[in-house]
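Since the structure of chain A is provided, determine the placement of chains B, C, D, E and F with the ligands on it from the hints.
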Amino acid sequence: MDSGSIAWMLICSALVLFMTPGLAFFYGGLVRRKNVISTLVYSFITLGLVSVIWVLWGYSLAFGDGGNGFIGSFSNLGLSGVDSTDDQIFAIFQMMFAIITPALITGAFCERFKFKTYMVFLVLWVTLVYAPIAHWVWDSNGWLFKMGALDFAGGAVVHINAGMAAIAAAALVGRRRNIERGVEPHNVPFVILGASILWFGWFGFNAGSGLAADGIAVSAFLVTNTCAATAMMIWVLLGMFHGGKVSGVGAATGAIAGLATITPAAGFIGVGSALILGVATGIITFYAVYFKEKVNLDDALDVFAVHGLGGIVGLFGTGIFAKNGGLINGSSELFIDNLIMIISTMAYSLIMSIVILKILDIIPGLGLRSTESEEDLGLDISDHGERGYVADGAD
Amino acid sequence: MDSGSIAWMLICSALVLFMTPGLAFFYGGLVRRKNVISTLVYSFITLGLVSVIWVLWGYSLAFGDGGNGFIGSFSNLGLSGVDSTDDQIFAIFQMMFAIITPALITGAFCERFKFKTYMVFLVLWVTLVYAPIAHWVWDSNGWLFKMGALDFAGGAVVHINAGMAAIAAAALVGRRRNIERGVEPHNVPFVILGASILWFGWFGFNAGSGLAADGIAVSAFLVTNTCAATAMMIWVLLGMFHGGKVSGVGAATGAIAGLATITPAAGFIGVGSALILGVATGIITFYAVYFKEKVNLDDALDVFAVHGLGGIVGLFGTGIFAKNGGLINGSSELFIDNLIMIISTMAYSLIMSIVILKILDIIPGLGLRSTESEEDLGLDISDHGERGYVADGAD
Amino acid sequence: MDSGSIAWMLICSALVLFMTPGLAFFYGGLVRRKNVISTLVYSFITLGLVSVIWVLWGYSLAFGDGGNGFIGSFSNLGLSGVDSTDDQIFAIFQMMFAIITPALITGAFCERFKFKTYMVFLVLWVTLVYAPIAHWVWDSNGWLFKMGALDFAGGAVVHINAGMAAIAAAALVGRRRNIERGVEPHNVPFVILGASILWFGWFGFNAGSGLAADGIAVSAFLVTNTCAATAMMIWVLLGMFHGGKVSGVGAATGAIAGLATITPAAGFIGVGSALILGVATGIITFYAVYFKEKVNLDDALDVFAVHGLGGIVGLFGTGIFAKNGGLINGSSELFIDNLIMIISTMAYSLIMSIVILKILDIIPGLGLRSTESEEDLGLDISDHGERGYVADGAD
Amino acid sequence: MIRIDAIIRPERVNIVLESMAKAGCTGFTYSNVTGRGTQQGVEVFTGRGSSTTNRVSLPKVMVTAVVEKSNQKKIIESIITAAKTSSNGEIGDGKIFISEISDVIRVRTGDSGKEAL
Amino acid sequence: MIRIDAIIRPERVNIVLESMAKAGCTGFTYSNVTGRGTQQGVEVFTGRGSSTTNRVSLPKVMVTAVVEKSNQKKIIESIITAAKTSSNGEIGDGKIFISEISDVIRVRTGDSGKEAL
Amino acid sequence: MIRIDAIIRPERVNIVLESMAKAGCTGFTYSNVTGRGTQQGVEVFTGRGSSTTNRVSLPKVMVTAVVEKSNQKKIIESIITAAKTSSNGEIGDGKIFISEISDVIRVRTGDSGKEAL
Ligand SMILES: Nc1ncnc2c1ncn2[C@@H]1O[C@H](COP(=O)(O)OP(=O)(O)O)[C@@H](O)[C@H]1O
Ligand SMILES: Nc1ncnc2c1ncn2[C@@H]1O[C@H](COP(=O)(O)OP(=O)(O)O)[C@@H](O)[C@H]1O
Ligand SMILES: Nc1ncnc2c1ncn2[C@@H]1O[C@H](COP(=O)(O)OP(=O)(O)O)[C@@H](O)[C@H]1O
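So the sequences go chain by chain: A, B, C, D, E and F.
Counting from 214, one number per residue, gives the positions in the first sequence under my numbering.
Counting from 214, one number per residue, gives the positions in the second sequence under my numbering.
Counting from 214, one number per residue, gives the positions in the third sequence under my numbering.
Counting from 9, one number per residue, gives the positions in the fourth sequence under my numbering.
Counting from 9, one number per residue, gives the positions in the fifth sequence under my numbering.
Counting from 9, one number per residue, gives the positions in the sixth sequence under my numbering.
Isolated chain A (complex conformation):
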């Protein structure tokens, strides 16, 4: 790799790492004040825990030398053998994806999921769900990769995967107490700060996924921004249509939906297609959130509606609009491959997440759900022994 691409891949890796704190603030602002630390730390701790897992065995399971179609190997435990600059860059960049994916899930179960159990969940989920799916899609031996399915930067590996685990977790941990009147985000500036950091970092996420500083990176950058912007404006317009006002949280959410959507397609489609995808996903995700109360599932921060659906729309979009091989080119192979990728990753992620969570629920001393009084008091005090903001006189 030449120095320009090294520079690019390192800064992209840093940007993707920075997305996880961005997500922490996006989520942290949306919850109630008494759970702000808990929500922040769900994400923040993935920086530490998943980094260590990835170095020790995660990378090897996902991309280790000599894997089969379904899983990597134990050849590169502790990153042994990952010595060339190109390999190290790949291991670094991929690590950042392994960090943010489980962090995304936390939006579904925040405000009530036990922190200690969550740490165990992280270890198991990255090992048993994330690493295999990353292998299927992005390792040259992976069965989906070999089949020809295309997921540029993680529509299936990251967004569908997190979205399905989110459904599993929200269903198994149950609804929050006392939320009939709705939950008002306690800090909208944090929501906007988080969304902004996510948008900023997403350029690394998508434009870095070609692993070079070249024309594909430039084009991926452009369509990423276009789709995010379009989906944001659709959310704003639909929000005005239904509510008469311009929700800042809605604008931020729309942008994230657009970013999730363009992720799998970013390296393959043009700017016109990005506009279309932005409109489509704006409408779909907006109404998914709008009607979510009809479903008795407390996916608290709409992880499935925003990321899961975003990833699905984006993968279909890739199948339709890819400059090479999309339906618009008259070929349906890619579309079908991507359909298979969508279904298989949805199924695997959902089933494995349920299994993991069910097991954690029955292990003595763990269990998924905080007690009622912990939840009422807020997880910041209960699980972290800290208060987000100290504003009372006796500071």
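The hints are simulated quantities; they were obtained by calculation from the structure and are not laboratory data.
All values reported here derive from a predicted model rather than from experimental measurement.
The beta-carbon is built from N, C-alpha and C at its ideal position, and this holds for glycine as well.
Everything hinted at is true.
Taking lysine to aspartate or glutamate and the EDC-like style, the derived pairs with C-alpha atoms no more than 20 Å apart in a straight line are:
#, chain 1, residue 1, chain 2, residue 2
1, D, Lys-77, D, Glu-108
2, C, Lys-536, A, Asp-296
3, F, Lys-82, E, Asp-119
4, A, Lys-329, A, Glu-587
5, D, Lys-82, D, Glu-108
6, F, Lys-81, E, Asp-111
7, C, Lys-359, C, Asp-278
8, E, Lys-82, D, Asp-111
9, E, Lys-77, D, Asp-111
10, F, Lys-92, C, Asp-589
Looking from chain E toward chain F, a few residues come up when the C-beta cut is under 10 Å (computed):
#, residue
11, Asn-40
12, Thr-72
13, Asp-111
Label pairs and their calculated CB-CB ranges:
#, chain 1, residue 1, chain 2, residue 2, range
14, F, Glu-76, A, Val-336, 52 to 60 Å
15, F, Glu-85, A, Val-336, 54 to 62 Å
16, C, Gly-457, A, Val-336, 13 to 21 Å
Only chains B, C, D, E and F with the ligands this time, still in chain A's reference frame:
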């Protein structure tokens, strides 16, 4: 473009994009608590709306193939024909400038400008004011460009332009209610956060404006930091002289003034000149703000004093200190060219902004100013249906 | 330098600059509400003041042409003669280190140190302490450099240096009033925001210190992340062991300790060694903070325990684990050289910092410590005339 | 007229307010407070590692309502029912203070006394 | 002595305080509260898109002043004048509660009663 | 029963609360308020450069405790001692208001009167 420059231009584009949320927090911290979302979203929404406009027609109007001296063309609507990597990079990088410029204006009219009208204003202003001026100055057919006027990174296109529109908007929307006792910034940490993000991003703004990772970028980086730092310290010292204390908001504002000032000059001058410019603009902008109460214009967050004057000082500075062609070189041509650029962009921006705002004011259903009760209640609730921070018991 | 490395070094410089506001928020969140601006501005103002000092004389003293083993020269005052692109990049990148180092110290004396005296301290300390030590270690004429001691990115120059000055300052300014019951951080989200920005920026700090976009940068990036993550998890686990809960502040602090530790070693060691260093420093710094109450020194935000000890562990680690010349290679020379570096920089920084502070303490009109009533009222109002957050009705 | 100041758990506020409104309370005012009673607070970290500080006070909400004497009993009962965490009550469930008010005035109209409630 | 608790709109605080000071009020204390009266709150978004939650309460400020009985009338009038949004008053303009205080003590000197005001 | 409302400096809260507890106060409630008395506030910057605004009010904390009449004196003294900044007291040290309470109810048990304190 080689991979090093591609990497550089993409990261610079991401940095400039990130400046707009930075500005959102800089402004958002300065207003009263009840308008924090409104002020944040004025900026945040430009990420969405201006991105879409730019892709659809803004780029084409500004830099479309085959334009004349005053305007681009319709040749590149929807970025059609913008296919080469170099062209796409230019379109992306320029897009970020088109996003932040109107966001700068919002500091003048915040806390009272109707959000819906603002969205229409954004569309018209980017189309009718920003795109033409960008064309004049930076398109190879533009009349100011051809004449030889030099604006490295946007002293005229961005800062003077926003500063004059700010005057127009502040005058037409009128003073805020009940501010005789002054308005205390509601969140100084946000002001410092925003200023820091702006400073960080400004390296992309200025050092990216040479469109390459080369010696000019390095030199632009160095003078950018030097001028910002110098102006900040002048503000701090003058503030101590007048008030005996070190205002954090003052330090942040001084830095922004220095950054705005160095913008047009960054690629052309040396570090010694940057120190001089920093001192000059520190004094000028400080006293402009200090005496602003003498003027009956409620430019709430001093957009003209900081950005407008900063841009003017910087363009004069370019005329004086440019290593090639500055007065110090014994040539007055550039100085005069830049004088013409200053006057023409000031006049055009002011007049066009007034025309646009006057029209919006009389269109039924729009109008510039929120009602008295909306303003009293705060625009967060009135225009966005949200509260910035939820801290009362019943969360 | 080729375009790829120019791009890399500029973005690294911007990242390191951004660390100082990150530090501002990390520290700002840890103090009491009434001192938030004060704590933020201690760091923020170094962006301005140290930038100016560095350009005027700091760089020349540290790296000026024709220096001896102990100090640079006056040859490059005002950066005169620093004209080549490579030299300018070096001057810029090094400037960012000179900015953040004194900012680190402020964690020791915050909540009670007079701001005006601090500004004078900054000038003296950067001139008399930072510039010489930077010269010793990183200038090709420096005696430690010549001897062969290795400090990749500033374990001695930055972290030990700041840590020892912190001890000096904490001792001389004395304990804060009324803190027997402990001080609860007033804004944990800010602590996490700051730590995240620091982590993000630290990639520039460490992976930029090879001054090129090459394999060393990649490897430095990888070990930086690994050590930070490991130390963070050690802090979390030890915190759970002792307190039963997962402190968000503890996680953030652990990460910073890991980052400080890997700093001197980043270019020299492998990922396995980084894991070991992370465990070691996690344990050492955790217990240093844990038992700090035993020492009657109010190093308020644990600058010595985190940065000073981190730097020491990292430099020993370099002596042990360096791929070339470490103890594991059977050579003890580097280990001894680094031991000499540790001791000499500790001694010089401590003694000189004490001398400077003692002098400032007795100069009429200066003095180190705020009055009791200023401290009680909070330094935000006393020294800055501002309130961090305005939340009372009469906004 | 009677002034009722009820200090309750933050998480019960919505429930208590609804219950009061149903019991005929036409207005109320509430705010965040911090308090200590039998419930003696919780341990919190001071933030670094595990050095803890014993916070003896806890966040509470104080609800104030001025009501007609005739309504007093009903409204107090509505508060008690809604504020209790379990049927036996838990430490920390709250306290209610009752005092006399001489007059109430409605700013808008200048009405005073019962009319102003 | 008399204790006046006036619950007013946040945006009127500065005006009300000035008006009270002019009417001879030597001290006061105020804080943020949330309240509901005839004014029944506003709709706010829950944040996502357009699903709204009906917030029945609104931010208010409570101003408390302890005054001599002889001053009571003048000061109450000064509040009413300053707190009204329009000459007819609007729903939400506020409410004033008046009660008796047994004693006031100044911490600094230990003075009590009128002297302490 | 007696209600004590003490308005004190924020930085003295911990000390005052400890002192009250020692004097036999079994419970209290406090919150942030803003106030003005003889102490006339401080100048603050409006934020830009040096244009200042005269903030006539200052942050204070109000501590409320309901106590038995027999305890009143002891507890008030404990507050005064702890709240004073210096032995002579300083302007801004605070003020204490004393009023009568008709009844106290403990939510948890329904106890009222002395039992509920
Ligand atoms: N005597 C008192 N004076 C003022 N406030 C009190 C008093 N006693 C209790 N409180 C308030 O009531 C809250 C609830 O008290 P709590 O400990 O739950 O009482 P109990 O266990 O007796 O029901 C406390 O946190 C405090 O705010
Ligand atoms: N009975 C009451 N008890 C306590 N507070 C009240 C009561 N009635 C009104 N308030 C407070 O006064 C505020 C203003 O009431 P508002 O609805 O404007 O009254 P009105 O329309 O009768 O003038 C409310 O938001 C609430 O905080
Ligand atoms: N008459 C009053 N009514 C209500 N609050 C008062 C009154 N006088 C003083 N206060 C409160 O007490 C605080 C302390 O007053 P301060 O100026 O220190 O009084 P003094 O100097 O008389 O001791 C003020 O900030 C204010 O909050």
